[in-house]
Amino acid sequence: MKQIFEALEKDARLTPEQISAMTGIPAAEVKKTIKKAERDRAILKYKTIINWAKLGEEEVWALVEVKVVPQRGVGFDAIAERIYRFPQARSVYLASGAYDLAILVAGKTMQEIAVFVSEKLAPLETVQGTVTHFILKKYKEDGEILQGGEGIKRLPVTP
Amino acid sequence: MSKTGSTHIKLPHSCISQKVSDIPPSGIRKFFDLLSSMEGVISLGVGEPDFVTPWHIREAAIHSLEKGYTMYTSNQGLPQLRQELAKYLESCCGLSYDPENELLVTVGVSEGLDLALRAILNPGDEVIMPDPCYVAYPACTSLAGGIPVQVPTTEKNNFKVTADDIERRITQRTKAILIGYPANPTGAVMVKEELTQIAELAQQHNLLVISDEVYAQLVYGVEHTCLASLPGMKDRTILLDGFSKAYAMTGWRIGYAAGGQEIIKAMTKIHQYTMLCAPIMGQMAAIEALKEGNSEVGTMVREYDRRRRVMVKGFKNIGLSCFEPRGAFYAFPSINITGMTSEEFAEKLLMEEKVAVVPGSAFGQCGEGYIRCCYATSLAEIQEALKRMGRFMKRHHTR
Ligand SMILES: Cc1ncc(COP(=O)(O)O)c(C=O)c1O
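Protein chains in written order, with the numbering used here: chain A, 1 to 159; chain B, 1 to 399.
Don't read these hints as lab results, they were simulated from the structure. Treat each hint with caution, since some may be false.
Heads up, simulated DSBU-like pairs for lysine-lysine below, C-alpha to C-alpha not over 30 Å straight-line [claimed, not checked]:
| # | chain 1 | residue 1 | chain 2 | residue 2 |
| --- | --- | --- | --- | --- |
| 1 | A | K32 | B | K291 |
| 2 | B | K10 | A | K2 |
| 3 | B | K192 | A | K10 |
| 4 | A | K2 | B | K192 |
| 5 | B | K387 | A | K47 |
| 6 | A | K35 | B | K313 |
| 7 | A | K140 | B | K291 |
| 8 | B | K316 | B | K192 |
| 9 | B | K313 | A | K36 |
| 10 | B | K192 | A | K153 |
| 11 | B | K316 | A | K2 |
| 12 | A | K10 | B | K354 |
| 13 | B | K291 | A | K10 |
| 14 | A | K67 | A | K2 |
Go ahead and model the full structure; you've got the sequences and the hints to work with.
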């Protein structure tokens with residue numbers, strides 16, 4: 001079964017028939033397995049990794065470190081939930097070390113992100129402090145190298 | 001011709017040795033010139049991974065260069081590499097080789113094969129090998145002064161050699177059996193029981209066995225058996241393996257030979273005069289591959305397996321019968337249904353649909369009627385190649 005998900009993780013557009021050909025598992029069973037994983041939220045969603053800069057679209061990203069005071073009974077979960085409900089927070093992680101929450105924030109401009117941090121994040125009651133790192137350049141995203149890559153260098157016919 | 005350049009002197013025909021003249025050029029290379037002038041070709045004609053060597057292996061080699069490791073190594077290869085090889089052979093096949101005397105690091109399996117044959121053959125000695133087989137087997141045997149004796153294998157028997165068929169060709173002059181499973185070009189794998197029969201035969205007739213196991217780690221749903229691990233076979237077997245295929249390291253040129261002390265010593269004697277040592281950068285990379293490369297091999301094997309299934313199923317869908325390859329990264333479908341020879345098929349397919357395959361006849365007479373297709377190519381390319389070949393088959397399906 002793992003093979004089905006490995007194939008899908010590489011290429012979300014594969015049809016059950018194609019996956020069946022790759023794994024030898026009957027297409028009907030592939031379909032059923034995927035449906036179940038979607039229901040169980042083992043598969044969360046199908047998306048495309050887009051290099052927006054290539055399309056001439058500007059997008060600004062920042063990594064925001066947030067230090068918070070954990071609350072009795074709910075720990076970090078309650079504050080994390082308040083934060084992750086903002087659509088600007090694209091990813092939210094609880095991290096060990098010098099700060100508690102790591103948040104990836106996306107916006108159209110630096111101003112937009114600055115406003116989000118200063119007006120939405122920082123004033124939250126349990127937030128003690130934030131540090132914002134603007135992303136200057138993306139090299140690799142979700143395992144994909146954005147620029148260059150290695151290309152094929154082998155000869156077309158070899159022993 | 002430039003005024004200062006060398007004028008073309010017609011050399012006497014005899015300036016090339018008879019032995020070399022007698023060896024036919026590799027059938028694989030024939031298509032190369034044709035291909036290089038064409039655009040948009042999908043090549044299933046390669047014999048190497050489409051993966052680049054895993055980064056941590058490359059990085060280890062870069063680090064070693066930065067540290068200044070740019071010199072010769074001992075003839076037999078870096079001691080640390082031989083120790084890692086001994087550990088690897090112990091853990092994968094339960095074999096214990098002495099890194100001092102029973103292992104030799106070579107410039108690919110290619111050199112190992114040449115050394116093995118030259119070390120054991122007297123002029124006129126016979127070496128029994130399957131047909132079809134890897135192009136270097138008969139050529140290197142002849143170059144070493146031996147006589148290749150080929151045992152036909154058939155699709156009916158999944159392109160495995162049988163002990164009976166070998167036995168029928170044993171003569172006074174037979175010195176060794178040369179096999180390579182998982183096989184290039186067929187993708188055939190021989191299981192333990194089948195290899196045991198060959199091992200017993202070798203013992204009965206006091207023959208050596210050269211076993212090219214360069215595809216050992218690339219098997220799908222079957223287990224690879226190392227011939228040397230069978231009872232009584234360790235000293236009788238010259239085990240050849242390397243890093244080219246499993247670790248996607250073809251360009252590094254590192255392989256190794258494992259065998260009895262006497263034979264390894266003889267091979268080392270030739271190696272020290274003709275090669276001196278394998279390149280140190282490659283040896284450094286190989287150490288890293290053995291220590292940390294396992295998980296990448298697994299990832300690549302799973303990926304090849306997906307592609308293998310897609311290709312074999314695809315061939316069946318377009319009317320090419322294809323026995324199920326269980327190792328290496330080749331499928332070997334029959335083109336019998338088209339009534340063409342392998343070469344005609346390969347040439348027409350290239351011209352009409354721009355898909356390059358290797359005619360089976362390049363690997364011996366018994367490869368006639370088949371084509372070798374490599375699935376170490378991206379799934380998207382395999383699918384496109386299948387589409388083109390499907391069109392081709394619709395036009396040429398005659399029988
Ligand atoms: C069966 C077989 N043996 C040996 C080799 C050569 O391997 P190496 O790169 O280690 O010289 C190849 C390469 O195609 C092969 O297919």
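Hints and how they fare:
no.	hint	result
1	A:K32 with B:K291	40 Å, violated
2	B:K10 with A:K2	65 Å, violated
3	B:K192 with A:K10	35 Å, violated
4	A:K2 with B:K192	29 Å, holds
5	B:K387 with A:K47	27 Å, holds
6	A:K35 with B:K313	25 Å, holds
7	A:K140 with B:K291	27 Å, holds
8	B:K316 with B:K192	29 Å, holds
9	B:K313 with A:K36	27 Å, holds
10	B:K192 with A:K153	38 Å, violated
11	B:K316 with A:K2	26 Å, holds
12	A:K10 with B:K354	27 Å, holds
13	B:K291 with A:K10	27 Å, holds
14	A:K67 with A:K2	38 Å, violated
This entry does not satisfy hints 1, 2, 3, 10 and 14, going by the numbered hints stated previously.
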